[in-house]
Each structure stands twice: as C-alpha cells, then as structure tokens.
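Using the sequences provided together with the hints, build the complete structure.
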Amino acid sequence: MPRRSILAALFLAVVFLGPVLVRAQAQPAGEVKSRLERANALYRAGSDQEAKAIYESLLPQLRAQGPSRELAEALRNLYDIVGSAGNYDRALALANEAASICRSLHDSSCEANARNDAGLAYSNAGDYGRAGAELEAALKLSSASDGKTAVLILNNLGNVYYYQAKYSEALRTYEAALPYVEKSSGEPWALAWRRITRLNLATLYSRLGNDRRAIAIYHEVSDDPAGLSQREIAHILANLGVVYRHLGDGEEAIKNYHDAEKYYSKQQDVDGELGVLKNIGIVQALELGRLKDALKTFDRALALAEKSKSQRESMQVRLYRGETLYRMAQLAQAEREFEAALASATQLGTVEEQWKALYALGRIALRNRNADQAEAKFREAITRIESLRSKLQLSRLRSDFLADKRDVYDALIKLLLLKNDVAGAFEFIERSRSRVFQDRFEKVAPGLITLAHIQERLQPDSALIELWTGPDSVAAVWVTRQGSGIARKDFSVEEMTQFQQIVSGLPENLGQDWRSSFARISALVPAGIAPLTQNEYAHLLIVPDGFLSLAPFELMEVEKGELLLEKHDVTYLPSAVLLLRGVQERGRTVGLPWQRQLVAFGDPSVVGTGESTLLAERDANGAAGNLAALPSSGEEIRAIAGMSSGRVQLFLGPADRKPDFFAAALAGASLLHVSTHAIADVDNPERSRLLFSPDEPGQANNFVFLKELYDLDLRGVSLATLSACDTERGRVVPGEGIQAFSRALLAAGSRSTLTTLWRVPDQPTSQFMQQFYYYLVKKRKSKAEALGLTKLEFLRSGTELSHPRYWAAFVLNGDGAAPAPRFLSWQLLATPLLALAAAALVLIQLWSRKQAATRARKPVSLEA
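In this text, residue positions in the sequence shown follow our numbering: the first is -9, and each later residue adds one.
Certain hints may be false.
[As the list claims (entries may be wrong)] In silico BS3-like links for lysine-lysine, alpha-carbon gap of 30 Å or less:
no. : residue 1 : residue 2
1   : Lys268    : Lys256
2   : Lys252    : Lys297
3   : Lys245    : Lys282
4   : Lys550    : Lys771
5   : Lys268    : Lys297
6   : Lys245    : Lys256
7   : Lys282    : Lys256
8   : Lys557    : Lys256
9   : Lys252    : Lys299
10  : Lys550    : Lys479
11  : Lys256    : Lys299
12  : Lys771    : Lys840
13  : Lys282    : Lys252
14  : Lys256    : Lys286
15  : Lys286    : Lys245
16  : Lys245    : Lys297
17  : Lys297    : Lys256
[Said to hold, decoys possible] FRET-style restraints, in silico, Cβ to Cβ:
no. : residue 1 : residue 2 : range
18  : Ser787    : Glu498    : 18 to 26 Å
19  : Asp480    : Gln337    : 37 to 45 Å
20  : Glu498    : Pro178    : 55 to 63 Å
21  : Gln337    : Ser74     : 25 to 33 Å
22  : Ile834    : Leu782    : 36 to 44 Å
23  : Ala216    : Lys130    : 30 to 38 Å
24  : Asn525    : Leu278    : 52 to 60 Å
25  : Asp685    : Lys256    : 48 to 56 Å
Keep in mind that the hints were calculated from the coordinates and are not lab data.
Backbone N, C-alpha and C fix where the C-beta goes; we use that ideal spot for every residue, glycine too.
Right under this line is the structure:
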C-alpha cells in the first residue's frame, strides 16, 4: 500500500473499528534497468497489473544475476501487489525470498522490512502466531537509528496482538512506538506515523470500552487537520458519532454525524453521506424515540439514494422507513415498505435484508392476528439467516452474528410453545443459542441436536431442563429418557425487567431470611417441570438462558422446606451439544503417579498496574493496584496438591506468570486450578480478564483476557477451576449467551469448569475449595456430587458460612456426571511389589529349608 495514501486507508479501517496493517515502502537504491524503473513507476502510480507483468518477466533475469537490492525491491513490490489481491501464499513466498536476498547482502534494514512483509502475509491469512514471530524477528533486525522502520513494525506487531485479544501486549507495543515518533518529530514521516499510532491506540481503547480516551484521540487528530482530506476528517467525525452512541449520548452522536455529513456533501461522497444519514435516523428512532424526526431523516436518505440510482441504498432505507412506520402503528404503510424492500433484496441477492424484511412482515402478521402466516414468515426468515451464517468463516464475525437475529428465533419459539410443539420448540431453542460454541463441536455432533437424539443419550437418572426467556415470558422444555414436556409462564415486560434486576443484584439482595428472598426469583420458574419433584432424577442438567444464567437454581424450594440442592445435584450447560461430546469423547479414567494430575496458579503478586491507561475508568472492580493480595490462595493450592497422588506443578507468587500459564495449559494435566483476581465486565466481554503476576520484576501485572482462553488446547483437562470472583458473569449476547470464563474453557476442550456467579471472600473460598477437592479426589465422588456435598456441608454448618452468599456462587458447567480421573500413588503401586517381594522371600526361605532338609536326610557314604 505504499503508493497509496496510508492515512486514507487507515481512516477507512478505523471506521470499522479495526487497526490497520501497513507495509513499509521500499526505497529505490542505485541505478536499475529501464524496464525495472518502468515497473517501479507503474507500481507507485497504482497500475498494479501492468507493473506485475513487468516484474514477473524480470524476475528470472534478476535472479540469474545473483542477490541484489534491485531483486529484493522487485520481490517486495511484487509481494505488495499479489498480497493486495489476496494471494497470501504467493505473497509469503516472495517476502521470504526477499528476506533471504537481504540476508545474503548483510542488509539488516532490508531484511527487517522483508520480514515485516512476511508478518503481514501471515496476519492477513489469519496465522497470528507466525505473524508475531516474524514481526518480533523484524523488530530485532531494525536499526535503532531507523525510527520509521521500528514504528512500522511496532504498529503491525501491536495490531497482531490486538487481533489475538492480547490487549495488554498491544498497548505496550503501540506505546513503544511513540518515543521513536517523538524523537524524529522533525522528519517528514513523523506526523503521519504519529497519527497512525495514536489512532491505533484509539481503536484499542474503543474496543475495551475506554471511550473517553478514544474520543480524546479523535479530537486531538481532528483539531490538527493539516494534511488531512475532507473525506478523512469526515471519517473521524463519523467514528466520534459511533463512540458517543456507545456511551449512550444520542444527541452528541447526532451532532458529529451531522458534521460528518457536511464534509461528505462537500466531497460529493454519496456513500458516506447516506451512511451518516442512516445512523442519524437510527439514533432518532431507536434511542431517542423521535419517530417523526426519524421518518423525515429516512425520507431525505431515500431521496438521495434514488437520485444516485443506488438500488441497494434505497432498499436499506426502505427497511428503516418501514420499521419507523411500524413503531408508529402505521401497519399498512409499513407492510408496503417491507414488501418493496424484500422484492429489491431478492433481486439483488442480499440475504441480510431479505430476512429482516421477512421478520418484519411476520410481526405485522402477528399484529393482524394471523399466527399461521407469521410462523411461515419467521421460518422463512430463519432459513435465510442460516444460509447466510453458514458462509461466515471468521469466528469474530460469527460471535455477533445472531445478536440482532435472536428476536426472529424468539418469535417462532413463542408460537411453537403456544402450540405445545415440544420437539420444534426444543430444536429452535437450541438453534437460537450458543451457536459459535456449538460450532466448536460440529464434528462431534453434526445435526444431532434434536429432542430424540438428546433423549437417547440421557442416563435413566438424569433430566435435562432447557430454559428460555422471552420479552414477556419464561418457558422450560424438560427432557428425560422416558418423556418430555413444556412449562411456560407469562409476565409483563415490566415484571421481566424487575426479575432481571433481582437476579443481577445477587447476593446483596439475599437477607438473613434468604429463603424468602430467593422465593422471588423462584417465582420466575414455571410450574410443571416434572423432574424437579421426582426423586428418581438425581442429576439435573440445566441449560439457562439470558439473565437466568446468573441464578443459582440450587436455592429453589421444590417441595415445602426442601431446596433443589437437597434433592438433586446440578450441572449447567451452555448447550445440549455437550451431552453428545460427553458420549463420543472418552478421557482417561486412571493416571499413574508420574503423570500430571494438577497444574495450579495462585497467590499472585499484586502491584500497581497503571492499567487505567488501557481500561475504562468506569471499571466497577477497579484497577489491579486497588486489589488486595490473596493470602489464602497459596494455602488453598498447597492443600489441594497434598491430596493429589499424581505429579503436581505449582506456580505461586512471582512464578504465577502469564507465559507459564499458557505453557502449562498444554501439559495435559487432569486438573487445572487458577486462584487469582478476576475482573468480569458485564458490558464488554473484551475487557474480562484474569490477573497474573508481572512477567518481570518492576513491571505491571499481566492479564489473560477472556478471548485468549479460547485459543488454549485443554483437551485432556477433566476440570478447570477458576477460584476467583465473578468468573461466571459477563455480558449476555443474544444468540450466544453469557460471555463468561466457563464458556471459553469448555470451548477450549476442558470437560468441565468450576466458576463463580459473584464475589466471594478469600478465606471462605479457600475452605470451600479444599472441601470440594476432598470429595472429588479423596472420596472419588463425581464432580456434580462433590460440589453438591460441599454446598450441603456449608449450608448445614450452623455458622456464618451457612448463608448462600459464601457457597451458592460456585457453579459447575459441562460434564458433571463423571468423577475426575483416579491417580495411583507410588505407595499403592509399591504395595503389591512389596507383597510380591515378601512372597518371593518367603518362597526362597522355604526352598532353602527344603534343600537343607533334603541334604540332612541324604545317607552319608563311608569310604574305606
């Protein structure tokens, strides 16, 4: 991209809230042949195909002449052309060849730039591990005097960390680039690269919810517009509108959108102008409730779209106009807009707009009391959604895919529940949740998440309860091996909001009379869930939904005076797909004393981190510098290690480091235990993280962010325990569920997880964990039984710890029916060996005595 405007590309990337990866511009060196000069001139002018043809024809001749700077430059320019076309394998080969040429010329700067190119090729292909390795190598090769190359590589390396969700590392890398820029402030390249680095920082801040700092950077850049085009200024103003909208400041968002509109209009940039007009209308309609103003805005947008003869833009504006008219109860006009949008979307082949129009037409049919037509529209909309989703390859796109589509599934599910269609309701409830999570196990259970298949895999003493929360109702589909059924309960929207607030307020709203306090939450659960009152179902598998993921159902009173906890053990599942994995994937059941049984991290060194520079000031849990040490953490881990018969690895205090965590996670231990501080962000899962000790003395604490856990390989781990606060909390994403640590650990391969719904004090947590592992390891109970027995011990303790605030927070997700693998101790192995040795000794002694007796009985011959 060196012959194009770097800033223009950057600002375009920032509009989509992603950092930009930039290639260095190779500097011509020496005199080259006329054809090579011609190719270079065409390349810099952006005539890619003409330049490519000349480079391809010149390469054999240049290679035949041996290593040269001209050959390296031709390879790198050709790399840029084929990489821009998406041919990353060829681009990587060219970059590696260029690096080899530079190395043979002993030109470290040239090699640094070539390896930077290779890093970009790996990054563009999604191989971030190799991209990081190449960029690290490039950084070591770059000269301290060549600030431009160092800044280039540091920004690209920071972006690779960003895409891997290694946000602490990304921050440090971006910040490391700024001193190079400031030191070279007089250089002509410095201003542009300062902006690039600062805007990459703004992207990082915005991703992690630190919108105020992102806003400050956008204003800083826009207040000094020298060298910026009006289109680039418009992009910044549009981004400001997006950030203010995230903050809930609709009026300020509209103001920035209007300012951006003026710049786009001056540039006659119709696409940009239409984009901000649509955003203005959306804010007016959805966030400010100014429906008449929104309709006027969409009328302006439609007129502009039709004037520019943009059929796609006209179709999208019609969808927005239709939604506004629907909210104004003008159903006939809304229906006409949606029908027109559907016809246009079908003609253009744009599936996204097709399902939106179909869903809207289904809602209108419902308002007109035509349930059959509504069901048909909803089913057709879901068919289009599924066809669109199947084409998505990037998990980061898939994770948000159903966020605005869950309403379609909910509308159909509600109709199926009303018809008492158990199999249909079960199927679509499962299809509406945890889809990215389910994709992880697609090979395990392709197309098998149906009521019949799940029934086949349930044990006779187990029952599955699938919960569903709609805008004005709660339902449960219960399934046993012998039967199934539906239970449903309707509420007003206001009552559902109140219930959500009550559940979110746990455990603070549980008073001393906590049974009556929790009864308000129990009122949410519809009557008629048969397995709850049937003793033959000792094991309950609960799949919660929405805010019910934050409720400990063990506290429900199922019969007078008896809690659910006292009748059943409980395991939670993000999706019934885990039942299929449990059947088809068998872990080891017995381990030997030299094999790893436990890997544990804890007792972190807590220092002032300065993390507020990265994370938003509104972080409810505070910066790590405000978090206390965990004196009971080390005691907890040492006690658990003392119960183990297999090999243990403990990383405590300064040894509790993030790099060692990632390395040890690959060791394949049966039990992975982490005792630390956790910060769960219910607004932004990108910010949820686990605290570790500094990587080096004098550094700040490091963090493992939630998304990083998904990249672990925890196959072989029977139980991953996070002995920390709030590890089962997180943002509830429609269509995916709660973005908590348990979900990430299960997706990474762990068969089960133990996490917490709220904050629990250090010392009671240590006691709880020691008791749990006693039942799990020493008494050989299943994971669900061990957890249930531990909770009952606390409940019946007769002490302060009997209150649920100390023990109800611990929840088990995944496979709770199986015990952890049993590890044989050296003593156990030695006992039969000693017995064999003793038996052999006895046999030898008996044989010796027999031989002696035989010799004694043998007649003595006398010789003359």
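Results for each hint:
Our distance criterion of 30 Å between C-alpha atoms is met by Lys268 and Lys256, whose separation comes to about 18 Å. Under the criterion of a C-alpha separation no larger than 30 Å, the hint pairing Lys252 with Lys297 is consistent with the structure, at around 18 Å. As the CA atoms of Lys245 and Lys282 are separated by approximately 18 Å, the hinted pair is consistent with the 30 Å bound. Among the hinted pairs, Lys550 with Lys771 is consistent with the structure: their alpha-carbon atoms are about 28 Å apart, no more than 30 Å.
With a C-alpha separation of about 16 Å, the suggested pairing of Lys268 with Lys297 holds against the 30 Å cut-off. The suggested pairing of Lys245 with Lys256 holds, with an alpha-carbon distance near 17 Å, which does not exceed 30 Å. Under the criterion of a C-alpha separation no larger than 30 Å, the hint pairing Lys282 with Lys256 is consistent with the structure, at around 27 Å. A C-alpha spacing of about 71 Å is found between Lys557 and Lys256, which places the hinted pair above 30 Å, so the restraint is violated.
Annotation: proposed proximity of Lys252 to Lys299 holds, straight-line Cα distance about 21 Å (limit 30 Å). About 21 Å separates the Cα atoms of Lys550 and Lys479, which keeps this hinted pair within 30 Å; it holds. For a cut-off of 30 Å, the pair hint linking Lys256 to Lys299 stands: about 19 Å separates their Cα positions. For a cut-off of 30 Å, the pair hint linking Lys771 to Lys840 is broken: about 51 Å separates their Cα positions.
Taking the CA atoms of Lys282 and Lys252, the gap is about 22 Å. The hint holds against a cut of 30 Å. Distance restraint check for Lys256 and Lys286: the Cα-Cα separation of roughly 22 Å lies within the 30 Å cut-off, and the hinted pair is therefore satisfied. Of the pairs offered as hints, the one joining Lys286 and Lys245 holds, with about 17 Å between alpha carbons and a cut-off of 30 Å not exceeded. Distance restraint check for Lys245 and Lys297: the Cα-Cα separation of roughly 25 Å lies within the 30 Å cut-off, and the hinted pair is therefore satisfied.
For the hint pairing Lys297 with Lys256, the CA-to-CA distance comes to about 17 Å; that is within 30 Å, so the pair holds. Under the hint 18 to 26 Å, the C-beta atoms of Ser787 and Glu498, about 22 Å apart, fit the expected range. Under the hint 37 to 45 Å, the C-beta atoms of Asp480 and Gln337, about 41 Å apart, fit the expected range. The given range of 55 to 63 Å is respected by Glu498 and Pro178, whose C-beta atoms sit roughly 59 Å from each other.
One distance hint, 25 to 33 Å for the beta-carbon pair Gln337 and Ser74, holds here, with the actual separation near 31 Å. Between Ile834 and Leu782 the C-beta distance comes to about 54 Å, which lies outside the given range of 36 to 44 Å. A hinted range of 30 to 38 Å for the beta carbons of Ala216 and Lys130 is consistent with their spacing of about 35 Å. Between Asn525 and Leu278 the beta carbon distance is about 55 Å. The supplied range of 52 to 60 Å therefore holds.
The hinted range of 48 to 56 Å is satisfied by Asp685 and Lys256, whose Cβ atoms lie roughly 50 Å apart.
This entry does not satisfy hints 8, 12 and 22, going by the numbered hints stated previously.
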